[in-house]
Amino acid sequence: MSEPDFDVAVVGAGPAGCVTAYLLAQQGHSVVLVERGEAPGAKNLSGGVLYGRVLEQVFPDFAAAAPVERRVVRNAVTFLTSTGAVGVDLTSDRLDGNAYTVLRARFDAWLAERCEEAGVFLMPGVRVDRLLTSPSGAVTGLVAGDDELSARVVVAADGVNSFLARGLGLRPKPAQNQLAVGVKAVVSLPRETIDDRFGLVGDEGAALAMVGEATGGIGGGGFLYTNATSLSVGVVLRLDDLAASGASASDVFDRYCEHPAVQRYLRGGEVLEYGSHLVAEGGLGMLGTVATDGLVVVGDAAGLTINSGLTVRGMDLAIGSAIAAAGGIGDALDAGDTSAAGLAGYRERLMAGFVGKDLTTYAKAPAFLERPRMYRDYGPVLEDVMVRAFDLDTTPRKHLASVAWDALRTSPVGMLDLASDLWAGVRAL
Amino acid sequence: MSGALQVGSVPERLAHNRYALDEDESHIVVDQDVVRSTGCAGVIARCCPAHVYTELPDGGLGVEYAACLECGTCLAVAPEGALSWHYPRGGFGVSFREG
Ligand SMILES: Cc1cc2nc3c(=O)[nH]c(=O)nc-3n(C[C@H](O)[C@H](O)[C@H](O)COP(=O)(O)OP(=O)(O)OC[C@H]3O[C@@H](n4cnc5c(N)ncnc54)[C@H](O)[C@@H]3O)c2cc1C
Ligand code: SF4
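In the order they appear, the protein sequences are chains A and B. Mapping to the working numbering: the first sequence position 195 is 195, numbers consecutive. Mapping to the working numbering: the second sequence position 86 is 515, numbers consecutive.
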């Protein structure tokens with residue numbers, strides 16, 4: 001057999017593909033990185049909070065060198081109701097360096113530049129149509145238009161739709177409750193206006209998560225994140241619930257932006273861009289085969305996302321899986337065995353690291369978050385408790401416990417529901 | 430600087446995006462028979478954040494593929510066989526400048 005064109009062909013220049021390609025090039029392997037967007041990042045969209053500790057393992061100075069927007073020092077979770085908003089708002093020095101907001105068109109482009117510096121051959125504007133396989137079914141390369149390219153190992157880093165792995169029959173079409181659609185706008189505002197409205201100084205940033213009325217009761221939530229001179233605002237809607245609700249995705253997004261608790265931040269801004277992207281929500285239950293003969297699957301393509309209700313995490317898991325994959329592929333190439341058995345080190349590394357551990361920890365979160373009370377009923381109950389506590393209308397005061405009891409009694413949430421949700425919640429999250 | 434944020438209509442919002450339209454090839458093909466027999470036009474039209482689809486009076490599905498944001502939602506909610514949807518050819522379609 002003739003020599004393959006490259007040791008490794010990586011499809012997709014998102015965080016998963018870029019970090020895999022970078023680390024393998026650093027190990028001295030020949031690597032090609034194929035991206036369908038006219039430039040890396042051009043097709044990519046996220047809420048934008050990067051939990052950056054894992055990226056520090058690859059680029060220790062990324063926070064200073066990469067185009068990050070703001071350093072997140074404030075995290076809030078708010079239940080929106082039809083009449084107000086109630087939530088928990090954390091500002092802490094202890095969050096420092098934990099997370100940064102990013103805009104993917106710039107951030108992914110930076111990652112891809114690091115790849116080129118390390119010797120990766122970048123091919124932007126090229127869509128991979130399918131994988132090449134040997135008669136025995138081993139992946140031997142890829143096909144893009146009229147061109148074929150061979151490699152010892154192909155890395156499917158092609159994102160949540162995962163067409164390459166699906167085309168091989170490696171992954172089924174995901175169920176609708178395992179996917180959510182994110183609908184997002186980037187809204188420009190002057191830096192000082194953002195600082196004032198969110199109570200921020202310098203490069204400080206805020207990440208606000210909103211549930212309940214935020215999505216009109218549809219499973220999912222809203223987000224509002226600060227960039228340097230813009231806001232990322234959007235909703236994430238679970239597809240089974242969206243389809244059943246009869247609502248239109250764009251209407252839910254519009255109503256979220258118009259809610260007074262969101263509008264107060266957006267006032268006077270201008271829409272710079274409107275986009276949408278799927279989120280994998282299945283957690284551990286969605287992780288399928290991650291390595292087969294000549295192929296590994298990383299990042300969103302492997303279903304590696306965790307939605308804990310408070311945070312959507314995917315970029316950090318994509319990077320974590322890339323580190324595990326680069327290790328496993330490196331071992332396989334060194335040993336001259338790129339069969340499924342030779343590549344098995346990837347899955348071992350993945351499950352032994354934080355990605356596998358967190359997936360296991362949050363394994364019950366998807367089912368928990370499908371409980372509809374999360375989105376419909378608890379916001380109004382909490383609002384009711386707080387209003388009863390603060391609304392000093394000269395009627396005799398009651399202890400907080402009986403205020404809470406009254407609020408619950410008059411809500412559609414039964415005590416058994418509450419007990420069941422609490423118990424499931426502490427175990428799932 | 431004062432006043433509400435005007436998120437505008439979906440077409441107004443999309444007008445801020447950059448697209449390189451593939452004039453020769455639509456990346457979305459509808460099987461109208463499957464769409465009509467399964468009655469899925471409404472749900473596909475509602476779930477698409479870019480209003481690419483319209484439900485036609487006869488139960489079929491109209492498509493304006495130029496507006497597509499390439500999320501894949503339509504494919505995920507469509508019954509088997511109703512849509513053939515793939516990414517546009519390399520370099521074509523939406524190009525996010527923010528993301
Ligand atoms: C609305 C929303 C909010 C989110 N918020 C957060 C958040 O706050 N924090 C967080 O950590 N994560 C968040 N995520 C998840 C995060 O965006 C993803 O988990 C992450 O982007 C996965 O990285 P990836 O490299 O695996 O895939 P992607 O970033 O999707 O990259 C895949 C790449 O492959 C390319 N590609 C696909 N098919 C082909 C092909 N056939 N040929 C060539 N190239 C191809 C694509 O163009 C793309 O560049 C959010 C997601 C959404 C949608
Ligand atoms: S991929 Fe997304 S934006 Fe494009 S048509 Fe389908 S649902 Fe609409």
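Just so you know, these hints were derived from the structure itself, not from any lab. Treat each hint with caution, since some may be false.
Said to hold, decoys possible - Partial chain A-side listing against chain B, Cβ under 7 Å, derived: (1) Ala249; (2) Cys257; (3) Glu273; (4) Leu278; (5) Asp421; (6) Leu422.
What the hints assert, rightly or not - Calculated lysine to aspartate or glutamate pairs in the DMTMM-like style (CA-CA distance at most 20 Å, straight line): (7) Lys364(A) with Asp293(A); (8) Lys364(A) with Glu192(A); (9) Lys173(A) with Glu509(B); (10) Lys398(A) with Asp417(A); (11) Lys173(A) with Glu493(B); (12) Lys364(A) with Asp240(A).
We put the beta carbon where it would ideally sit given N, CA and C, even for glycine.
Here's how the hints hold up against the structure:
Using the Cβ-Cβ criterion of 7 Å, the hint placing Ala249(A) at the interface with chain B is satisfied: the shortest such distance is roughly 5 Å. Nearest Cβ of chain B to the Cβ of Cys257(A): about 5 Å, under the 7 Å cut. The hint holds. Among the interface hints, the one on Glu273(A) holds; its C-beta lies about 5 Å from the nearest C-beta in chain B, closer than the 7 Å criterion. Taking 7 Å as the C-beta contact cut-off toward chain B, the hint placing Leu278(A) at the interface holds, the least distance being around 5 Å.
Interface hint at Asp421(A): violated, since its Cβ lies 28 Å from the closest Cβ of chain B, which is beyond the 7 Å cut-off. Of the supplied interface hints, the one on Leu422(A) is violated, with its beta-carbon coming no nearer than about 32 Å to a beta-carbon of chain B, more than 7 Å. Restraint check: the Cα-Cα separation between Lys364(A) and Asp293(A) comes to about 31 Å, which exceeds 20 Å; the hinted pair is violated. Taken as a hint, the Lys364(A) and Glu192(A) pair is broken in the structure, with Cα atoms around 41 Å apart against an allowance of 20 Å.
Between the alpha carbons of Lys173(A) and Glu509(B) the distance comes to roughly 10 Å, so the proposed pair stays at or under 20 Å and holds. Distance hint between Lys398(A) and Asp417(A) is unfulfilled; the C-alpha atoms sit about 24 Å from each other, more than 20 Å. A threshold of 20 Å between alpha carbons decides the hint, and for Lys173(A) with Glu493(B) the separation of about 25 Å lies outside it, so the pair is violated. With a C-alpha separation of about 18 Å, the suggested pair Lys364(A) and Asp240(A) falls inside the 20 Å cut-off, and the hint holds.
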